[in-house]
Amino acid sequence: FEATAVAAEVLAEEDGYDEGTVERAADYAAADLDAERTGSPFVPLVFDFVRQPEDRGIVFQRLSEHVDRRADREADVEGLFDARE
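Residue 12 in the numbering used here sits at position 9 of the sequence shown; the count goes up by one each step and never skips.
Calculated directly from the structure, the hints in this document are not laboratory data.
The structure displayed is predicted, hence computed values, not measured ones.
Beta carbons: idealized from backbone N, C-alpha and C, even for Gly.
One or more of the hints may lead you astray.
Simulated restraints, written as ranges between beta carbons of each label pair [unchecked claim]:
id	residue 1	residue 2	range
1	G23	D58	27 to 35 Å
2	A78	E17	16 to 24 Å
3	E39	G60	24 to 32 Å
4	A6	D79	28 to 36 Å
5	A74	D37	15 to 23 Å
6	Q64	L36	30 to 38 Å
7	G19	E39	28 to 36 Å
8	R54	A78	27 to 35 Å
9	E77	E57	30 to 38 Å
10	E57	A78	30 to 38 Å
11	Q55	A78	13 to 21 Å
12	T41	E77	26 to 34 Å
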């Protein structure tokens with residue numbers, strides 16, 4: 004997967020897609036793989052971004068939407084369990 008993630012970031016830069024979004028998607032995919040989460044949308048979408056150049060635009064859009072949702076979910080729980088003063 005690591006090679007595919009690097010390729011996705013390079014392709015994003017070359018084709019003018021937001022590299023940060025693709026990098027975050029690859030990070031989420033790697034975390035999902037490490038956690039053995041089945042059904043992660045990030046893993047197949049990162050592969051599709053690399054392997055399907057004709058669909059790269061729509062794949063990027065879907066990656067972006069999933070990245071935004073994951074970031075929102077993380078922000079929602081951030082600090083939730085911090086001790087209150």
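Hints, verified against the model:
1. G23 <-> D58: 27 to 35 Å: The hint (27 to 35 Å, Cβ to Cβ) is violated, given that G23 and D58 are roughly 21 Å apart.
2. A78 <-> E17: 16 to 24 Å: With a Cβ separation near 31 Å, A78 and E17 fall outside 16 to 24 Å, so the hint is violated.
3. E39 <-> G60: 24 to 32 Å: Because 31 Å falls inside the window, the suggested range holds.
4. A6 <-> D79: 28 to 36 Å: Hint holds: Cβ distance 33 Å, inside 28 to 36 Å.
5. A74 <-> D37: 15 to 23 Å: 18 Å Cβ-Cβ, so the 15 to 23 Å window holds.
6. Q64 <-> L36: 30 to 38 Å: violated, 23 Å
7. G19 <-> E39: 28 to 36 Å: At 34 Å between Cβs, range holds.
8. R54 <-> A78: 27 to 35 Å: Given range 27 to 35 Å: holds, Cβ gap about 31 Å.
9. E77 <-> E57: 30 to 38 Å: With a Cβ separation near 32 Å, E77 and E57 satisfy 30 to 38 Å, so the hint holds.
10. E57 <-> A78: 30 to 38 Å: Given about 34 Å between the Cβ atoms, the range holds.
11. Q55 <-> A78: 13 to 21 Å: Violated, at about 31 Å.
12. T41 <-> E77: 26 to 34 Å: violated, 20 Å
In this structure, the earlier hints numbered 1, 2, 6, 11 and 12 are contradicted, and the remaining ones agree with it.
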